[in-house]
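Visitor: In case you want the letters, here they are:
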Amino acid sequence: MSVVVIGGGPDGLAAAAVLASAGKQVTLLAPEDTLGHTSAGLEFHPGFRHTGVFPDADNLSTLAASALRLDTHGLTRVSVHDVTVCTPGRDPLTLGPPRTPALVGRVLPFLGKQLVAPAPDLTDGASLVPLIGPALGFRRLGAADMMELLRVAPLSVDDWVAEWEDDPIVASAHMLPALRGAWMGPRGPTSAGLLLLDLARRGAPVRGGPAAVVAALEAAATSAGATLRAGAGVSQVTLDGGRVTGVILESGETLAATAVLSTVGPRRTLMDLVSARELPPRTEGRIRTVRCRGSMAKVHLALAGPLIPTGCSAAPERVRIVGPPTALERAWDDVKHGRLPQSFMPLDIAQPTVADPALAPDGQHVLAVTVPFAAQDIDGGWTEDARKTLLDGVLSSLESVAPGARDLVVGHEVLTPSDLERTFGLDGGHLIHGELGLDQLGPLRPAHGLARHRVDEVPGLWLGGMGCHPGGWTGGAGGVLAARALLAG
Amino acid sequence: MSALGTRSNPYDAIVVGGGHNGLTCAAYLARAGKKVLVLERRHVLGGAAVSEEIIPGYTFTVCSYVVSLLRPHVIRDLDLSRHGLEIVPLECSFTPHHEGPGLCRWPDPAKTRDEIARFSRHDADLYPQFGKIMGKLARFAKPIIDEPAPDPSSFRPSDLKQLLGLGKAFRDLGDDLAALQFKLTTMSAVDFLDEWFESEQLKAPMACSGIIGTMLGVHSPGTAYVLLHHYMGEIDGSSRAWGFAKGGTGAISNAIASAATELGAELRVSSPVSSIIVEKGSAVGVAMESGDDLYARTVVSGCEPRLTFLGLVGEQNLPDDFVTAMKRYKLRGSSGKVNIALDALPSFSCRPGDGPHLRGDVAIAPDIDYLERAYDDAKYGDFSHRPYINLVFPTLLDRNMAPPGHHVMSCFVQYAPYAIKEGPEHWPERRDAFGETVIDTLEEYCPDIRKHIVGKQVLTPWDLEQEFGLTEGNIFHGELTLDQLLFQRPTAGWARYETPVDRLWLCSSGVHPGGGIMSAPGYLAAQRMLEKGAV
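Each protein sequence line maps, in turn, to chains Y and B.
In terms of this note's numbering, the first sequence opens at residue 1 and continues consecutively.
In terms of this note's numbering, the second sequence opens at residue 1 and continues consecutively.
Bound conformation, chain B alone (with noise of 0.2 Å):
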């Protein structure tokens, strides 16, 4: 018998791309006795999930550097544990001021409501109940991301049931918090944080959650809904909705991957692949930047969508409206990422010296027009003047990730739009440029940071795009907006993982249910496929 992945011997399945996703999918395939080769274009395994050593000595959680909603079933059925996976919680929510100490949401509820009195005694009697209330409407979304996407268009007796039964929890909501829920898809995350809390201290960083990754203001409709999120962590066991990986979001990758691997899937770094050969409208394989040909009985693209069709599959093998809203679909990359490696923590001024509070992320998110004005900026083609910033110091959570004594820095930076009005091309010229208002911006709160920094990673929507593929930057593989969800990500029709091209299926954060390190999509289309015998 020949090699595997020749025309006569051809794998169970190929996968394109060995994101967190992909290696998921490809898990579960392997999981199930198929035969399964997962193909790398970079160096590492882990796409945006990834832990490099960039500056020797210094390991950074190069793009993704938190992870809330890791499905729990995913960490069990591949027993991510054994394979070196470790999550350890935030201690800390913190958001550093000019004046004054800052505040700190801690796990504690007594310590936060101390810290947020000292803006807002009204604030600080809500905060819990407005927590008790989005955990339960967060209960009733959470179901929604361990399943397919619901389709309202289908009269299939399956689908009916699914779409009777999210009704009926609907209704089981009450109707107050079902009307509550309704809100929070259409409300921007200012209108619906103004229902509750009066300080804006506590408003804005609460606020952020809803524009992370995407191309939008806390003022845009429809930004409330990703609050939920924070809450939905919560109720997967852990005390804190965000958590962090020791050894960086590539240990989660790396995890996945060895469970793949021991469970069979054949793994690939360096293997660029160039175009999925479709052959009378059907995936047969596909032709790798070597010059080699592998085939698969199906393939799967771990990449996002638009790259998957318009760049790897090619428009001339898909149906006219499908390209249409390939094209249309919304990518806008709004953020870079800047790494810092440090030879000393710095200084909040504060709330000056080490302490538990630089143990969770750190939101620069004074106030709500601060992110207002740095959203504007984005709007005209620049990048933030004084950008949005969560950081995280992953070395206060793993000491193994710098020398002794010293740290690393990860920052989540917005906004920096993919489309700058030079032109997104340009982005290199402007790297320096925008690293430099990150270091400033810094500055202003911990004014001894430039001293200590030994070397950082300036990572642009452009360089993300080149690097790591991910279109236009957009960390979600497409925004994470009502018309891009569920039944319509990552278009009407084609959000159950299958596609235009037979046996050519998508497991990336491009479909449902959508970005953050979750796994879901990467299992979904796996169980998907398995259930409708496509491998």
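Just chain Y, same shape as in the assembly (with noise of 0.2 Å):
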């Protein structure tokens, strides 16, 4: 049996991994000359190198990393990132880990659980057996538990997190990261079940960032025999009679396949890949309605020097500059109708040349930012002038907190939603394949019918991907998942 995987992310590689140990003939195509796709540690600028477009590793699935061993492909952990948060006009401070409920710490676990679990298979016919299994952990978190977790899950995180921390500057820092990839601001009810499912994905983060993710992840994929080739990209998915027969690459070269698993997107692989009008109608009205609107946007500085936020002794290696919640909901109504930052700009900051000095000149520095709210489709489109303001916007935020900071850019790479969208041929330019919502996650993700990785109606075809359950920021479970259920079918 062989197999095409598409894409080059972690998932693709995870997935390629996965088969190939099983014995597969496998070939992995990725579209760019690097392997790795948003998690690519490039030179964004002579000399200065981030470590992936793709925020940071603090996600990496725990499945995948153990599935793959992938310790012994030399990922490397570190306890944690202190981050440092900053806002202007008083004095930066650590953040310690959130404050949150006893409940929280038990309900964890079993969250945790589905991540690594294939969802629930809710479509006619299934059995209702494996259903059982979660059910029975939902009960087993006991009435008190099982009922504060359904109180607090529809919540907004602005409403969640003010239950238990005081203090509004800790509270927008601790929200941020329930906020990247939905499309909504702090006061968007479910967004604090969001935030569960981010404090329970999180794990110890990757040395090296993404980058070492795809190092370590390509190194287990190679071992395992399979065949991985950057520069090749898909350009389309053959079919006979309905069935997967193997994909043509954009060189026009033709490759034979008993079964295609795709990484890069459950939506362009049903609409563009597949083609929209082979799809039968079911799958095509189930997957034209998949939600992917970006809403953020990266920014890559190479500094002459480090940055230091004022008050900090030492150059932080993770910086969150963030006002009091209404300032992020502010932020998120830019992203709502569609306009530039107007008001200050919360970001997301790394800093990796703090821990690797390798990635910059001597006592040079890279800042990699992630801009969690911007929109895709602002009113006029991403013109060159457009770019420039959001850099600005960018710069101020920065300034605001360490004056001075705007005098040691000596280059920047800005990546727009439509600049990813274009680049990376991400769908909305949404770098998780499709916005976390809870109608969009579990059974649901990428939509009703296809959360088993399988598209019915086109055998042989597999969705895999961060556009797939687990969903959202779990670096290569989407894969594994994708691979066994390959496997098993």
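Hints are not guaranteed to be accurate.
[What the hints assert, rightly or not] Straight-line Cα separation of at most 16 Å, EDC-like style, residue types lysine to aspartate or glutamate; simulated pairs:
id: 1; chain 1: B; residue 1: K327; chain 2: Y; residue 2: E163
id: 2; chain 1: B; residue 1: K451; chain 2: B; residue 2: E436
id: 3; chain 1: B; residue 1: K327; chain 2: Y; residue 2: D159
id: 4; chain 1: B; residue 1: K379; chain 2: Y; residue 2: D159
id: 5; chain 1: B; residue 1: K379; chain 2: Y; residue 2: D333
Hints in this document: simulated from the structure, not taken from any laboratory.
Given two chains presented individually in distinct reference frames, assemble the corresponding complex, making use of the accompanying hints.
Guide: Encoded structure:
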């Protein structure tokens, strides 16, 4: 059995490794010249490298790490990243673990389990047996915790975090991760549920960030015998009588395969690579409505010296610049209305050169800035002027907590959601192939009927990646689960 | 024997609050032969379902103004038609626009189709199919409002049976509909409608039903499910989901009150209760503001839960975690009401003159962005600069509510957040500005309205709280959000009308199934009390 895996990101690599380990003949095709997709560490300015456009590797799936024994392939972890929280006019502080109620500690293991297991199958004719486990696990939480989980999950982070954190700046810093990739601000109901999932996903950070995950996965896949081809973009998945027969590459080359496992985003796979025309209407209807509105931008800065916010004694590796929750909400309003950031821009920042000086020339630094609120579809489009305004907003935010930061900048790369869409083929410029929301998770990720990674109406086609269960920032898990489903099916 | 209401001769039940749910509960208890007393603080029964002649000659349906889900079995059991209840269907849902003739949705599908087709043929084609599917989902959801909330934490056989029944009904929907039902509870109204429709002009007025009475926007997750309510009403047999009670919603309260009286309940107005008397963890009666104490075997509160517990019962009589839960209970009133007396019908420039398009509800909701901007203003503590307004002309449905040729106009206005940035107690200073904003907004669609205004009543959320006991001005006695619905209304463990205080029960919109003129909480509470032998 020969399998083509489409996509060279962590999920594609993980899938290839799992399949090759099981003795399949696997060819992985990555469109970019470097493996790793958005997780690839690249030079963005002469002499300056980032560790991946993907923001961080704190959520590398424990499933992928353990299934592929990534520790034997060079993956190491650091204990915890200290996050320095900055806000204009106040001394920075180190963000401690969230002071969540005891409940959270009790429900996280339950939630974590759901993130490494196949999604419940709710399709017609599905057996109810696989549902019994999660249902019992849920009940085993006990009446009080179960009810409390049902209360908290639909809340907004603004409401929930206020229950256990009095300091609005600290509250904002805790909220920010939950809002990444969700199309909502802190007052969006259900964002508390997303924060719980984020906490359940969070593991020890990987040394070297996403690029290091890619290196370990690449080693795992290669040693298992998978063929990994970069610079090999797929233009079409070929069908015969509705069944997958292989792929056609952008170069015109054809490759026959008994199965194709795509990790490039479920909507793109089904609508573009298979072609919406060939898709049975039921599947087409399900995938067409998947919401992928990109709401994050990434800015990489080459700095002549370290960024040291006022009040810090040394250069921090992680910085969050936030205002109170209302400021986050205002920043979200800009996304919602499709306009350029108009007010104070909250930022989530990594300074990877603190841990790994080799990423930049001697004494110089790299700043990888995630802009959590930047619309894909702004009025007037992402023109050169608009991109300048975005960069300027980022520099102003930096300047507000680290005066002089602007003068340190010797080079930059601005990746708006529309750049991400163009460069990486991400639907809507959405870094994780589909918004996080309770209606696009579990059995509904990417859409009802597709959560078990198989496409019933297109035999031989399998979907993996972050657009699938368990979704979101769980690098590698989507690929592992898809590969396992393929092997079982 | 001493008079009823003394320690030695207590009532079977005292209902605090003569709103429509309190009255419904009292009527059912009286029907079961119980000695019941209803105490209403105001001079008139009905709570927020009340009609009053605020300006001589003009009867306003002061707060609530339309009715959809008044339970048919309540109408039947209490014989409300004989007691004067007459509900006329709204004939149209009209959304005026600055350009073009606006959008009317009629009971006649063909006419509606033509109207929608002006904006999108695709939407016109899908609209009936959307209605059919929503009807199916509503059919699944509807039994939930006629039964006590299911309890997922219980292992009692009767509760498990109810859960299994729901689970089975869910599976019987078929997997596609079941998935849709789930999405409906977690998605935003706009996202949900986006899966179907493309025209803003159609989606905006549809999305409004998701935000009414809540401090959320049309883009906020969780607002889609209220769309279902629109379709539930249709199942109850009327051709349109929404209706208007002749005489205003006060006529509904009056009919229930009349039925309750006939069944033997005693109803007292101008009788404010200052506290619920709790002795050894058990409610034994109420202390009146007049200084009198009245005793009953059971006390039922028709007031909003936070007011009931933190106001009338007192924290000292409650477990700590329950007090915390009540403090967290989200009220966050977001709407006001403006009632206007007119010497003639105003004319909408997009559809001038009188006509059937005015014999229904009119929604000022031209597009999605308009609604979301209205919410933005409210988020940061101001009333909407251009609000969403839902209005009816009661006089077109009941000629007796104003002098001949004259009219009343009932405007529900959102957003008017209780928590304005100056502080809610400063609402009285902003009341006039709020009223003017509403008139200014209406004037954009009816340029002649100002000259026809004879008088008006402006109710801010502060007024709704002070005058009608609606805490924080929330018209539903608590936000209708997922975390405060079903088995969590008002809080987990206390969704079956009982409370941590022995012999104290709840029957208001703050318990399952929640707000609106349904009479369901009142009915279900009475049933539960009778079943449990609590009265």
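Visitor: Now tell me if each hint is right for this structure.
Guide: Going down the list of hints, with the structure as the test:
With a C-alpha separation of about 11 Å, the suggested pairing of K327/B with E163/Y holds against the 16 Å cut-off. Distance check on the hinted pair: K451/B and E436/B sit about 14 Å apart at the alpha-carbon level, within 16 Å; holds. Between K327/B and D159/Y the alpha-carbon distance is near 12 Å, which keeps this suggested pair within the 16 Å criterion. Simply put, K379/B and D159/Y have alpha-carbon atoms about 13 Å apart, close enough for the 16 Å limit, and the pair holds.
A distance of roughly 10 Å separates the Cα atoms of K379/B and D333/Y; the hinted pair therefore holds under the 16 Å criterion.
Hint compliance for this structure: no hint is broken.
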